[in-house]
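Please build the complete structure, drawing on both the sequences and the hints.
So the chains spell out like this:
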Amino acid sequence: MTEQDAIIDEVVNSEYKYGFVTNIEQESAPKGLNEDIIRFISAKKEEPEWMLEWRLKAYKEWQKMTEPAWANVHYPKVDFQDVVYYTAPKPKKNLNSLDEVDPELLKTFEKLGISLDEQKRLSGVAVDVVFDSVSVKTTFQETLKEKGIIFCSMSEAVRNHGDLVKKYIGTVVPQKDNFYAALNSAVFSDGSFCYIPKGVRCPMELSTYFRINAAGSGQFERTLLIADEGAYVSYLEGCTAPQRDENQLHAAVVELIALDNAEIKYSTVQNWYPGDKDGKGGIFNFVTKRGMCKGSNSKISWTQVETGSAVTWKYPSCILAGDNSIGEFYSVALTNHFQQADTGTKMIHIGKNTKSRIVSKGISAGKSQNSYRGLVKVHKKAENARNFSQCDSLLMGNLCGAHTFPYIEVSNNTSKVEHEATTSKIGEDMLFYFQQRGIDEETAVAMIVNGFCKEVMDHLPMEFAVEARKLLEISLEGSVG
Amino acid sequence: MLSINNLHVSIENKEILKGLSLQVNAGEVHAIMGPNGTGKSTLGNVLAGKEGYEITDGSVLFDGIDLMELEAHERAQKGVFLAFQYPVEIPGVSNANFLKAAVNEQRKANGEEPMPPNEFLKMMREKMELVEMKKDFISRSVNQGFSGGEKKRNEIFQMAMLQPKLAILDETDSGLDIDALRIVANGVNKLRSKDNAFIVITHYQRLLDYIVPDFVHVMYNGKIVKSGDKNLALELEEKGYEEFEHATL
Numbered sequence: 073m074t075e076q077d078a079i080i081d082e083v084v085n086s087e088y089k090y091g092f093v094t095n096i097e098q099e100s101a102p103k104g105l106n107e108d109i110i111r112f113i114s115a116k117k118e119e120p121e122w123m124l125e126w127r128l129k130a131y132k133e134w135q136k137m138t139e140p141a142w143a144n145v146h147y148p149k150v151d152f153q154d155v156v157y158y159t160a161p162k163p164k165k166n167l168n169s170l171d172e173v174d175p176e177l178l179k180t181f182e183k184l185g186i187s188l189d190e191q192k193r194l195s196g197v198a199v200d201v202v203f204d205s206v207s208v209k210t211t212f213q214e215t216l217k218e219k220g221i222i223f224c225s226m227s228e229a230v231r232n233h234g235d236l237v238k239k240y241i242g243t244v245v246p247q248k249d250n251f252y253a254a255l256n257s258a259v260f261s262d263g264s265f266c267y268i269p270k271g272v273r274c275p276m277e278l279s280t281y282f283r284i285n286a287a288g289s290g291q292f293e294r295t296l297l298i299a300d301e302g303a304y305v306s307y308l309e310g311c312t313a314p315q316r317d318e319n320q321l322h323a324a325v326v327e328l329i330a331l332d333n334a335e336i337k338y339s340t341v342q343n344w345y346p347g348d349k350d351g352k353g354g355i356f357n358f359v360t361k362r363g364m365c366k367g368s369n370s371k372i373s374w375t376q377v378e379t380g381s382a383v384t385w386k387y388p389s390c391i392l393a394g395d396n397s398i399g400e401f402y403s404v405a406l407t408n409h410f411q412q413a414d415t416g417t418k419m420i421h422i423g424k425n426t427k428s429r430i431v432s433k434g435i436s437a438g439k440s441q442n443s444y445r446g447l448v449k450v451h452k453k454a455e456n457a458r459n460f461s462q463c464d465s466l467l468m469g470n471l472c473g474a475h476t477f478p479y480i481e482v483s484n485n486t487s488k489v490e491h492e493a494t495t496s497k498i499g500e501d502m503l504f505y506f507q508q509r510g511i512d513e514e515t516a517v518a519m520i521v522n523g524f525c526k527e528v529m530d531h532l533p534m535e536f537a538v539e540a541r542k543l544l545e546i547s548l549e550g551s552v553g
Numbered sequence: 143m144l145s146i147n148n149l150h151v152s153i154e155n156k157e158i159l160k161g162l163s164l165q166v167n168a169g170e171v172h173a174i175m176g177p178n179g180t181g182k183s184t185l186g187n188v189l190a191g192k193e194g195y196e197i198t199d200g201s202v203l204f205d206g207i208d209l210m211e212l213e214a215h216e217r218a219q220k221g222v223f224l225a226f227q228y229p230v231e232i233p234g235v236s237n238a239n240f241l242k243a244a245v246n247e248q249r250k251a252n253g254e255e256p257m258p259p260n261e262f263l264k265m266m267r268e269k270m271e272l273v274e275m276k277k278d279f280i281s282r283s284v285n286q287g288f289s290g291g292e293k294k295r296n297e298i299f300q301m302a303m304l305q306p307k308l309a310i311l312d313e314t315d316s317g318l319d320i321d322a323l324r325i326v327a328n329g330v331n332k333l334r335s336k337d338n339a340f341i342v343i344t345h346y347q348r349l350l351d352y353i354v355p356d357f358v359h360v361m362y363n364g365k366i367v368k369s370g371d372k373n374l375a376l377e378l379e380e381k382g383y384e385e386f387e388h389a390t391l
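These protein sequence lines map, in sequence, to chains A and B. Throughout the first sequence, residue numbering follows the working numbering, covering 73 to 553 in sequence. Throughout the second sequence, residue numbering follows the working numbering, covering 143 to 391 in sequence.
Everything labelled a hint here was simulated from the structure, so no lab data went into it. Among the clues, some could well be false.
[To be verified] EDC-like mimics (lysine to aspartate or glutamate), calculated; alpha carbons at most 16 Å apart, straight line:
(1) A:132 / A:108
(2) A:542 / A:500
(3) B:336 / B:351
(4) B:220 / A:490
(5) A:129 / A:108
(6) B:250 / B:216
(7) B:192 / A:300
(8) A:497 / B:278
(9) B:192 / B:254
(10) A:488 / A:501
(11) B:160 / B:205
(12) B:242 / B:213
(13) B:250 / A:492
(14) B:242 / A:512
(15) A:239 / A:300
(16) A:424 / A:332
(17) B:372 / B:351
(18) B:336 / B:216
(19) B:192 / A:501
(20) A:418 / A:490
(21) B:192 / A:500
These numbers come from a predicted model, not from an experiment.
Next comes the structure, spelled out in structure tokens:
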């Protein structure tokens, strides 16, 4: 066994750190999906009639659809009648202070390194916590309210800000957009809602932590974020799940809307349970994320660090409808063991002088498969549209795969589209160079990987970048310090 | 300091070093010359601990310890430095970060605290002057987009930062123009002291006009076939290696 093989071997044997289960009382819907379940969810949420109608319409569309099979991923077929579509920590009541949150739940978040208390004020982050499918606590609502910012759970928004929800939900990701989006539209149980009013710069990072806990349940959260004219917000999203032998389904929808001169920065650190080193268990992560640069001079920037999930199917995209609008996608996707990721973005240029930038960094280790899939589409009227894409892959060992599927459709000849791609391997020569300077292999691999991802990491908010870096190291543990 | 005795080394069952012996004391500069493919670079790699070489016989002692028993990074921490013939590029890792890690790993191995950042930066600026590096060098990625000359200067710069006991320069002069050669040689000369030693592997006598060696060895077919002082290098320049071709057959 060469030294490099030994490193790869160690990488392959690292373990998931968030695999614990919280012993908490759950209230669940029975397994399976039908109109009654949807009515049950809607009733639990005390939703208005229009919301129920909207869900049922989505359900009807979903029934006509089939699961997509074009992605470069292979997994056992999901039995959608064998999934629990609603679980909530019990007892469910409105929480007014942290003292009322179940202590077990607080312990869980402590284990995850998320403190819901005053510390967050010091670090300037407001947190919405979604446990299984229910938002359990949103911090700093009061502080935000002073600025007119609404940041709450989706259920609360449906009840208290129905007009806003009704106006925007499904405008970026329609109910029948795709199979998983339709499913989510029918059964979403919670998620985060955020509205930044005209001209307001959100004074703190907004953050949602998602956690799947209950066995056999799916998580279907829905996030809706609206930045009104001239508003700015930076939004963070983190996810973990316990270690379970069976696969669990996660089908989320995120919709972002940026009006004139507004800017949204959306950052994700996704660390769902990836399955064990033999490929058993793990989350199926089928997510639809899309942002609409509706107004002129608006900007939406996606940054994601993906280390988790058994199977990932995810393409955070931007529709650049407003003139001079800008879309960005910065992604690090790391796969190990038997993980499969098919991820990328779509940049749809509609407005004049729209710009998009794609930077994708894929790292494959173990026996994993890592694919970048991206579409750059320039419509007829998108004069002077400009895109730059860069897709780099880093391979560790000989058993993994990296794939790049770029699609480019251009219907305007004043536009300029550039695509660059590289594939490299952490070679013996590079490792030896580090070692010869007194740096051991583990630290060397960590430094190489972090160097490889630097351009993306630089776009994460400071606090999150530190966490993401740690996560990359944990995911490659054995090779990384 | 370094004592190599009857060293035999193979790669994939092909013997490259065939009973090489060499003694290097502190304060000395040894030049190793010889035609292509005689095992000069192999010697450097074996001393530094690169994977893939099989030591079939002989021994290497470094300050009395068996060097071959140590991992590559441990050898580096103990003060063995190899200036690479082909330095690798490391995208996204700045020269500052790379060297901070290297310097601090070495200090850690010696039971010392990490170097305070301001002290480190000061040292970096000082040593950069030595090899005439531009200011933006600190934040640039290691060797990425560097010219051949810059890469070699970076090797000497790293050597200056790590202050090794034994430095092996593997054809550091190859591909250098006269100015770069002068800068590199100047760097080495400033680092020479009674406490450290250099092994300079080279094809050409040219470098030895700038770095004057105490000893010159001719390596041929996997071993040292002749040793002498600096005049031997001049002699080789004139006569070539032909005489050894007959001698070793």
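Going through the hints against the structure:
no., hint, result
1, A:132 / A:108, "holds, 13 Å"
2, A:542 / A:500, "violated, 24 Å"
3, B:336 / B:351, "violated, 21 Å"
4, B:220 / A:490, "violated, 48 Å"
5, A:129 / A:108, "holds, 14 Å"
6, B:250 / B:216, "holds, 11 Å"
7, B:192 / A:300, "violated, 59 Å"
8, A:497 / B:278, "violated, 28 Å"
9, B:192 / B:254, "violated, 27 Å"
10, A:488 / A:501, "violated, 38 Å"
11, B:160 / B:205, "violated, 23 Å"
12, B:242 / B:213, "violated, 20 Å"
13, B:250 / A:492, "violated, 41 Å"
14, B:242 / A:512, "holds, 14 Å"
15, A:239 / A:300, "holds, 13 Å"
16, A:424 / A:332, "holds, 14 Å"
17, B:372 / B:351, "holds, 9 Å"
18, B:336 / B:216, "violated, 23 Å"
19, B:192 / A:501, "holds, 9 Å"
20, A:418 / A:490, "holds, 14 Å"
21, B:192 / A:500, "holds, 9 Å"
Violated hints, listed in ascending order, are 2, 3, 4, 7, 8, 9, 10, 11, 12, 13 and 18; each of the other numbered hints is respected by the structure.
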